[in-house]
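Visitor: Each chain, letter by letter, is given below.
Number of protein chains: 2
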Amino acid sequence: MQRINYPQPKEWDEILKRPTQTVSDIEAIVYSIFKEVEADGDTVIKKYTTQFDKVTLDSLVVSESEIEQASNSVSDALKQAINLAKSNIEKFHAAQKTSKVAVETLPGVECWQEKRPIQKVGLYIPGGTAPLFSTILMLAIPAKLAGCKEIVLCSPPDKNGEINSAILYAAQICGVTQIFKVGGIQAIAGMTFGTESIPKVYKIFGPGNQYVTVAKQLATKYNVAIDMPAGPSELLVAADDTANPAFVASDLLSQAEHGVDSQVILVSTSEKLIEAIGTEIENQIQQLPRKDIARKSIGNSRLILVKDDKEAMALINEYGPEHFIVCVENENFYLENIQNAGSVFIGNYTPESAGDYASGTNHTLPTNGYAKQYSGVNLDSFMKSMTFQKISEKGIKGIGTAIELMAEAEGLQAHKNAVTLRLKSLK
Amino acid sequence: MQRINYPQPKEWDEILKRPTQTVSDIEAIVYSIFKEVEADGDTVIKKYTTQFDKVTLDSLVVSESEIEQASNSVSDALKQAINLAKSNIEKFHAAQKTSKVAVETLPGVECWQEKRPIQKVGLYIPGGTAPLFSTILMLAIPAKLAGCKEIVLCSPPDKNGEINSAILYAAQICGVTQIFKVGGIQAIAGMTFGTESIPKVYKIFGPGNQYVTVAKQLATKYNVAIDMPAGPSELLVAADDTANPAFVASDLLSQAEHGVDSQVILVSTSEKLIEAIGTEIENQIQQLPRKDIARKSIGNSRLILVKDDKEAMALINEYGPEHFIVCVENENFYLENIQNAGSVFIGNYTPESAGDYASGTNHTLPTNGYAKQYSGVNLDSFMKSMTFQKISEKGIKGIGTAIELMAEAEGLQAHKNAVTLRLKSLK
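Taken in order, these protein sequences are the chains called G and Z. Each residue of the first sequence is one higher than the last, beginning at 0 in numbering that gives the first Met the number 0. Each residue of the second sequence is one higher than the last, beginning at 0 in numbering that gives the first Met the number 0.
Hints are computed from structural coordinates only; laboratory data are not their basis. Since we're looking at a predicted model, the values are computed, not measured. Note that CB positions come from ideal geometry on N, CA and C, so glycine has one too. Take the hints with a grain of salt, since some may be wrong.
[What the hints assert, rightly or not] Cut-off 25 Å, straight-line C-alpha distance, at most; resulting in silico cross-link-like pairs (SDA-like, lysine to any residue): (1) Z:426 / Z:400; (2) Z:85 / Z:67; (3) Z:148 / G:314; (4) G:99 / Z:116; (5) G:220 / Z:10; (6) Z:78 / Z:174; (7) Z:96 / G:334; (8) G:78 / Z:422; (9) Z:423 / G:275; (10) G:85 / Z:393; (11) G:143 / Z:334; (12) G:423 / Z:240; (13) G:78 / G:93; (14) Z:90 / G:102; (15) Z:114 / G:336; (16) Z:114 / G:334; (17) G:393 / Z:328; (18) G:295 / Z:410; (19) Z:309 / G:116; (20) Z:114 / G:314; (21) G:34 / Z:13; (22) G:90 / Z:97; (23) G:199 / Z:312; (24) Z:114 / G:379; (25) Z:199 / G:317; (26) G:96 / G:176; (27) G:199 / G:146; (28) G:9 / Z:37; (29) Z:393 / G:93; (30) G:46 / G:60; (31) Z:309 / G:118; (32) G:199 / Z:6.
[Stated by the list, open to error] Sample of chain G residues facing chain Z (criterion: CB under 10 Å; computed from the structure): (33) 79; (34) 93; (35) 115; (36) 129; (37) 133; (38) 283; (39) 353; (40) 392.
Turn these sequences into a full structure, and let the hints steer you where they fit.
Guide: Spelled out as structure tokens, the structure:
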């Protein structure tokens, strides 16, 4: 890891640069698969499943009996763990329900705001080495709590045409309504346009490689919303001498094992701690099965020594980390002043992996500095707010003249006329 | 207006089609202006201001004295109207504040969600024939209430290098922090990259022509968020014989005068009402200064006769109107079952123009069917939610094993290790 001592604010931009991917070269292939899926639906999806996933499927749909079988093959211990996580995630997301906001802004002018579920949502879960069943909990639980009618899941099949058992188990207990064996670009295209098997959805959620990321971006051009723009995962730890160096090192490594483009940053006022953590990382990394990945992403990473908490905070807000661990004496200062972070983990006994799996918070979070303007996935991500107004005769008399004047000043005579007609009828 | 009687569900797609614009041909010019602004900042912005706005400016900044002068030139009557609207909009948006959501998901596992303001936001207000000062109220008021630190406004100068007085007045009273005489693509590019004069912002709000729309889309590729994808404005009215045909006609026309691509739709179970409204539209349209625009957009529009309320509701939810007026006896049925609409106007005395200006609800709403998945602008549009968790020694003992099991099942050993180390230390 690079060590940087007392950087000047003008150097921050360079120091805080994220490892970026160039995606323009894959836009063309994504676009062409979209066009094919739009035209020929399932046939094309099956063609690409054969090509990319090396399996030929008769049906894209996961059957009831496949789900049952999968469920039976998950160990009881893992089921219990998943159920505990589910219960915590449910509690935290259910608490996010907001009630109707109603205000009589003037006598006879009643306004209110209500949230209603997005009726059709699509969840994408990647395949590959790590079966991310935890992401199903993070997406399907709030979708179900929000009241989404159709919760569609797509995940690529393995070479035997199957989806990981834990994924199917999690999908079933969380209320996913339909599961399809479809991955990658063709899955996103399928949920964007709808096919003979796959329903068209209104919003697509979930992680994926850069093909999936570009496909989700493209989907937004076809009237589909997405959870948020994606980027490589990242963690920033602020720690001082009250932090346990071994714990901090284990957190930095747990982020680093995600992928070679993950980024981890330590910001500290203590040279001694930085030294100790550097040593701990070297010790712990040896034991990791994914040490090659971790070592590469540690190469993208930085140990930054700063002069005080205030400077640390300014630098952290400039970065806007996805995950932010705070392990310092002056904890409240950091909690009050953090403006830009996805999820915050406080103290020596709150590892990032707690939030990744089971504390109850969501792990689908803004990366790439997007914490400056995007929320992580939460209950509201599956709803939209609508406003209502009901104006009485008294009410229109109270605000009518103001509307007429403003409409006239904007040169919109018909807007004025809609009020004038009503006011006249009440004279 | 086209009349359509008892359409079959399979015809709805065709009937509910929106007038669309093709924008791919202007993407290239937008991209090239972005690249120029990124490289040369103010110099390029001034060049394009000369080219597009036909005025050469020494400074892009609106000065204190210009604001003061503008404020003096707005009539007291209009000021009063604006202040009334401001007060209502403030009341309704202030009521949308949510408090911290805190849950102890398990003993020792505290999770909470807090919303924090987006620190830097940019508002775009078009110039042209209608000076949309009302949109400043709709954007700057919630931005200020949310606590955004920098609220930047860009609006194109007229040929004398000035911005409409009502726009400057509204900006001043609503807490805009800086105002720039910059319009179109160059304004969006300026707020995306930052220039010598214009600050870089994190999220851009506001309407605009198709150049501005494409520029906002492009901004999202440079880590800037936008309020929502834009499309032509639209209104759907559901009415029966309890509705006043003259009022309904005036509402349809107030929407139609916005632009030639606006769309208005009437859905009714009453042939008699449809007849009466058709006649009223013909009468009222004659008197409108913007009758040429209104007549063209009325050409895109439809009067649809349906067999009952249930079918009306299904069709309306399929369309997802930006503005939805409900003027029917069976009002509660419509209010309970509407799933997809931006803002809803109820009864004979609630014209759409009330919400456009002064009732208190926001007029920046999802068009083009986006009401299916997007909220209109509201207080939360200027904030993002962050989550926090603090786990005690007792807490990590309670959820540690579940995390270890799940991390292992996902093949993420370092995630497991971060917990194992902590559990070991507590033995």
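Visitor: Now look at each hint and say whether the structure bears it out.
Guide: Structure-based check of all given hints:
1. Z:426 / Z:400: 14 Å, holds
2. Z:85 / Z:67: With a Cα-Cα distance of about 19 Å, the restraint between residue 85 of chain Z and residue 67 of chain Z holds, given a limit of 25 Å.
3. Z:148 / G:314: Within the cut-off at roughly 17 Å; holds.
4. G:99 / Z:116: Distance of about 22 Å is within 25 Å: holds.
5. G:220 / Z:10: 24 Å, holds
6. Z:78 / Z:174: 16 Å, holds
7. Z:96 / G:334: 20 Å, holds
8. G:78 / Z:422: OK: residue 78 of chain G and residue 422 of chain Z at ~21 Å, within 25 Å.
9. Z:423 / G:275: Status holds; Cα separation ~20 Å.
10. G:85 / Z:393: 20 Å, holds
11. G:143 / Z:334: Holds, at about 22 Å.
12. G:423 / Z:240: With a Cα-Cα distance of about 21 Å, the restraint between residue 423 of chain G and residue 240 of chain Z holds, given a limit of 25 Å.
13. G:78 / G:93: 22 Å, holds
14. Z:90 / G:102: 7 Å, holds
15. Z:114 / G:336: Cα-Cα ~13 Å, so holds.
16. Z:114 / G:334: Cα-Cα ~13 Å, so holds.
17. G:393 / Z:328: Holds, at roughly 20 Å.
18. G:295 / Z:410: Between residue 295 of chain G and residue 410 of chain Z the Cα gap is close to 18 Å, so the pair holds against 25 Å.
19. Z:309 / G:116: The given pair, whose Cα atoms are some 20 Å apart, holds under the 25 Å limit.
20. Z:114 / G:314: Between residue 114 of chain Z and residue 314 of chain G the Cα gap is close to 20 Å, so the pair holds against 25 Å.
21. G:34 / Z:13: 21 Å, holds
22. G:90 / Z:97: 18 Å, holds
23. G:199 / Z:312: 20 Å, holds
24. Z:114 / G:379: 12 Å, holds
25. Z:199 / G:317: 13 Å, holds
26. G:96 / G:176: This hinted pair holds, its Cα atoms lying about 22 Å apart.
27. G:199 / G:146: Holds, at roughly 18 Å.
28. G:9 / Z:37: 19 Å, holds
29. Z:393 / G:93: Satisfied, since the Cα-Cα distance of roughly 24 Å is no more than 25 Å.
30. G:46 / G:60: Distance of about 15 Å is within 25 Å: holds.
31. Z:309 / G:118: Answer holds: residue 309 of chain Z to residue 118 of chain G is near 18 Å, not above 25 Å.
32. G:199 / Z:6: Holds, because 23 Å separates the two Cα atoms, which is no more than 25 Å.
33. 79: Hint holds; residue 79 of chain G Cβ to chain Z Cβ min 7 Å, cut 10 Å.
34. 93: 9 Å, holds
35. 115: Hint on residue 115 of chain G: holds, closest Cβ of chain Z at ~6 Å, below 10 Å.
36. 129: 5 Å, holds
37. 133: Holds - the Cβ of residue 133 of chain G comes within 10 Å of chain Z, reaching about 6 Å at its closest.
38. 283: Holds, about 7 Å.
39. 353: 6 Å, holds
40. 392: 6 Å, holds
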